[in-house]
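J.: Letter by letter, the chains look like this.
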Amino acid sequence: KQEVTQIPAALSVPEGENLVLNCSFTDSAIYNLQWFRQDPGKGLTSLLLIQSSQREQTSGRLNASLDKSSGRSTLYIAASQPGDSATYLCAGGHRGMRFGAGTRLTVKP
Amino acid sequence: SAVISQKPSRDICQRGTSLTIQCQVDSQVTMMFWYRQQPGQSLTLIATANQGSEATYESGFVIDKFPISRPNLTFSTLTVSNMSPEDSSIYLCSVSLTGNNSPLHFGNGTRLTVT
Numbered sequence: 001k002q003e004v005t006q007i008p009a010a011l012s013v014p015e016g017e018n019l020v021l022n023c024s025f026t027d028s029a030i031y032n033l034q035w036f037r038q039d040p041g042k043g044l045t046s047l048l049l050i051q052s053s054q055r056e057q058t059s060g061r062l063n064a065s066l067d068k069s070s071g072r073s074t075l076y077i078a079a080s081q082p083g084d085s086a087t088y089l090c091a092g093g094h095r096g097m098r099f100g101a102g103t104r105l106t107v108k109p
Numbered sequence: 001s002a003v004i005s006q007k008p009s010r011d012i013c014q015r016g017t018s019l020t021i022q023c024q025v026d027s028q029v030t031m032m033f034w035y036r037q038q039p040g041q042s043l044t045l046i047a048t049a050n051q052g053s054e055a056t057y058e059s060g061f062v063i064d065k066f067p068i069s070r071p072n073l074t075f076s077t078l079t080v081s082n083m084s085p086e087d088s089s090i091y092l093c094s095v096s097l098t099g100n101n102s103p104l105h106f107g108n109g110t111r112l113t114v115t
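These protein sequence lines map, in sequence, to chains A and B.
FYI, in this note's numbering the residues of the first sequence are 1 to 109.
FYI, in this note's numbering the residues of the second sequence are 1 to 115.
Hints in this document: simulated from the structure, not taken from any laboratory.
Remember, it's a predicted structure, so these values are computed and weren't measured experimentally.
Every residue, glycine too, gets a C-beta built ideally from N, C-alpha and C.
Worth double-checking, as some hints may not be accurate.
Stated by the list, open to error - Below, simulated BS3-like cross-link-like pairs (lysine-lysine); rule was C-alpha separation at most 27 Å, straight line: (1) B:Lys7 <-> B:Lys65; (2) B:Lys65 <-> A:Lys1; (3) B:Lys7 <-> A:Lys68; (4) A:Lys1 <-> A:Lys68; (5) A:Lys42 <-> A:Lys108.
Stated by the list, open to error - A few chain A residues that face chain B, going by a derived Cβ cut-off under 8 Å, partial list only: (6) Ser28; (7) Ala29; (8) Tyr31; (9) Asn32; (10) Gly43; (11) Leu49; (12) Gln51; (13) Leu89; (14) Gly96; (15) Met97; (16) Arg98; (17) Phe99; (18) Ala101; (19) Gly102; (20) Arg104; (21) Val107.
Stated by the list, open to error - Counterexamples of contact, computed for chain A against chain B with all Cβ distances above 12 Å: (22) Gly41; (23) Gly60; (24) Arg72.
Let's have the full structure, built from the sequences with the hints guiding it.
T.: Below, the structure written as structure tokens:
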């Protein structure tokens, strides 16, 4: 059974800092690794999807990498802004994605 | 992407009753899933809704408690049966448009409170 772990559980940084969120998974036989953002009381917004044959994906200030052999993915956020404050979730698997517990990010002005 | 509509968006129910949540997608999708997000928690997969056949449930979830229907490629329902306060959660419908290599998209969820 796929298990997904995210560290740190919470992170507080000053505006402008570059940061890395970590995600690890136990079953390397995943089809996809997907990163989401969730704002308080809101639904999930998909940020990036990395297919199993890919190593990374980029969207604006976000870059996600995938290393299946080590069971790890990272989400890199460049030049963080207060609007980036949210909970970031990673999910991986096949025929149903399993979610990590999330990293709660606070970017202070 | 797809537009995913869930009804109701929220409800307050008495223990012992049942609630059926509907999920409607604006296009045909390959896979549909139901998730639960308990207060302060992450998402837990309940089951995969299979078109025209019984849903595939994850460990800890059973058909008697969470019956699921999926009569076609655009619609699914999840029923939460014989509810207790522990069932208070957000229930989310999720779809994958074209199968295993396509991203998951989520509806806005149904916020259920059981009193």
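J.: Could you check the structure against the hints above and give me the numbers of any it violates, in ascending order?
T.: 3, 6, 7, 20, 21, 22
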